Amino acid sequence: MTEEEFLHVVKGIVEHMQADHNFSQRYNHVDIHVIGGEPSMLGVRFFESALPKAKALLRGIPQAVDFSIVTNLVTQEALEVARLFDKVSTSYERSTRFNKRKQEEIWRRNVVTLMAESKMPGVSGPKDFSVTTALVRPVVQAGAAAMIEELVDLGFTKMHFGFFIPSGDGDLNAKLIQPKHRETAQFYIEALDWYLKHRENITDLWINPCESWLEAVYRGESLDDVVCPIVHGALDIDSDGRTISCIEKGGTNDYTSHGNIFETREVIQGDGSKAVEFVNTIHDVLTSPSYLKEVANARRLPAACRACDERMLCQANCGVLHEQWNQQDECPGFKTFIKRVRFLVEEEGVRPKSVLQGANQLPQNLIAVG
Numbered sequence: 001m002t003e004e005e006f007l008h009v010v011k012g013i014v015e016h017m018q019a020d021h022n023f024s025q026r027y028n029h030v031d032i033h034v035i036g037g038e039p040s041m042l043g044v045r046f047f048e049s050a051l052p053k054a055k056a057l058l059r060g061i062p063q064a065v066d067f068s069i070v071t072n073l074v075t076q077e078a079l080e081v082a083r084l085f086d087k088v089s090t091s092y093e094r095s096t097r098f099n100k101r102k103q104e105e106i107w108r109r110n111v112v113t114l115m116a117e118s119k120m121p122g123v124s125g126p127k128d129f130s131v132t133t134a135l136v137r138p139v140v141q142a143g144a145a146a147m148i149e150e151l152v153d154l155g156f157t158k159m160h161f162g163f164f165i166p167s168g169d170g171d172l173n174a175k176l177i178q179p180k181h182r183e184t185a186q187f188y189i190e191a192l193d194w195y196l197k198h199r200e201n202i203t204d205l206w207i208n209p210c211e212s213w214l215e216a217v218y219r220g221e222s223l224d225d226v227v228c229p230i231v232h233g234a235l236d237i238d239s240d241g242r243t244i245s246c247i248e249k250g251g252t253n254d255y256t257s258h259g260n261i262f263e264t265r266e267v268i269q270g271d272g273s274k275a276v277e278f279v280n281t282i283h284d285v286l287t288s289p290s291y292l293k294e295v296a297n298a299r300r301l302p303a304a305c306r307a308c309d310e311r312m313l314c315q316a317n318c319g320v321l322h323e324q325w326n327q328q329d330e331c332p333g334f335k336t337f338i339k340r341v342r343f344l345v346e347e348e349g350v351r352p353k354s355v356l357q358g359a360n361q362l363p364q365n366l367i368a369v370g
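Just so we're aligned: 175 in the numbering used here is position 175 of the sequence shown, and the numbers increase by one with no gaps anywhere.
It should be emphasised that the hints constitute simulated quantities derived from the structure, not laboratory data. The structure displayed is predicted, hence computed values, not measured ones. Beta carbons: idealized from backbone N, C-alpha and C, even for Gly. Warning: the hint list may mix true and false statements.
Stated by the list, open to error - FRET-style restraints, in silico, Cβ to Cβ:
| # | residue 1 | residue 2 | range |
| --- | --- | --- | --- |
| 1 | A296 | L176 | 32 to 38 angstroms |
| 2 | V279 | M312 | 35 to 41 angstroms |
| 3 | V276 | R300 | 39 to 45 angstroms |
| 4 | R45 | D254 | 31 to 37 angstroms |
| 5 | R26 | S239 | 24 to 30 angstroms |
| 6 | K53 | Q269 | 19 to 25 angstroms |
| 7 | T203 | A146 | 17 to 23 angstroms |
| 8 | K127 | T264 | 35 to 41 angstroms |
Please work from the sequences and hints to get the whole structure.
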């Protein structure tokens with residue numbers, strides 16, 4: 001990806017939000033996630049040049065803006081690149097995350113360094129540092145309490161436990177690393193119990209999807225971060241410019257693109273000279289018939305979900321999981337976990353943080369993934 005292509009994506013986000021009044025009014029905070037592969041491979045100089053220009057473009061919208069990087073933090077360059085962003089997220093799973101012990105040693109060292117810097121007011125760099133853990137079998141077998149406490153010991157207070165979705169290498173090795181849906185649901189229940197026990201005692205503790213589901217059940221609304229991202233209009237942009245709404249399928253190579261936003265053409269200027277311009281914009285893709293059809297398909301509930309009493313909040317959760325589900329045992333929406341949340345909210349009086357902190361609602365975010 002070139003700097004020009006990177007800025008074309010950002011410019012496209014701005015133009016789309018300016019063109020779609022209802023869309024832009026739904027959000028008060030734009031959080032742009034730069035993910036990979038490994039985005040830090042673009043280098044420090046790339047982001048030192050591109051980020052200020054991107055932020056200048058984003059001044060064209062009224063929302064507050066953050067740039068987040070999702071990085072493996074296994075090199076010195078990754079650490080230096082991460083320091084340039086507003087927010088940083090990294091990943092960790094037991095047994096499956098690192099190919100070599102040396103990689104894990106570097107990761108832990110970089111985490112400790114960045115965590116310390118994030119807590120120093122006088123040091124520039126990201127002050128928001130979070131971790132995502134995929135619920136592969138070794139993680140589930142370790143148990144929620146053990147995994148959370150390991151991450152807390154490293155300094156993390158913001159963490160997300162994402163259910164495993166089989167695609168790419170994960171699909172090839174699914175039989176070895178994918179837990180049963182009931183095991184994932186039980187992990188979430190145990191994580192929720194641990195979270196509620198410690199939420200008041202650990203400053204800025206935020207464990208998802210636990211907190212988001214408390215919010216969703218309490219308000220009776222499906223939230224952007226607990227349903228399939230396609231439902232609310234996600235877009236994955238690959239490094240070659242291809243686009244797809246399903247972020248998980250964007251990690252494969254055999255998908256149908258909604259349009260390549262890095263495609264260019266030569267145009268003749270008024271003075272007869274030639275110039276190169278991009279053919280497609282973000283707005284073109286997000287309003288294209290193929291994209292809108294895919295969003296409509298994602299919003300159409302599978303037959304197994306249509307009589308479910310949690311369908312309005314869950315929205316079937318993940319279409320990829322439904323494609324492999326045999327409709328037996330725990331469902332891909334992890335309904336047992338949702339029912340536990342509902343019991344705590346409706347019977348035990350448990351409240352989401354937004355209520356405890358006196359807020360009317362959680363900050364809404366537009367997350368653009370590139």
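Taking 24 to 30 angstroms as the hint, is the beta-carbon distance of R26 and S239 inside that range?
-> Given range 24 to 30 angstroms: holds, Cβ gap about 29 angstroms.
For K53 and Q269, compare the CB-CB distance with the range 19 to 25 angstroms and indicate the outcome.
-> Because 23 angstroms falls inside the window, the suggested range holds.
Does the Cβ-Cβ separation between K127 and T264 fall within 35 to 41 angstroms?
-> Holds, since K127 and T264 (Cβ atoms, about 38 angstroms apart) stay within the stated range.
Check the following: the C-beta atoms of A296 and L176 are separated by a distance inside 32 to 38 angstroms.
-> 35 angstroms, holds
Is it true that the C-beta distance of V276 to R300 lies inside 39 to 45 angstroms, as the hint says?
-> With Cβ atoms ~40 angstroms apart, the hint holds.
Taking the beta carbons of V279 and M312, is their distance inside 35 to 41 angstroms?
-> 39 angstroms, holds
At the C-beta level, are R45 and D254 separated by a distance inside 31 to 37 angstroms?
-> 34 angstroms, holds
Whether the CB-CB distance between T203 and A146 falls inside 17 to 23 angstroms | For T203 and A146 the Cβ distance comes to about 22 angstroms; the hint holds.
In this structure, every one of the numbered hints holds.
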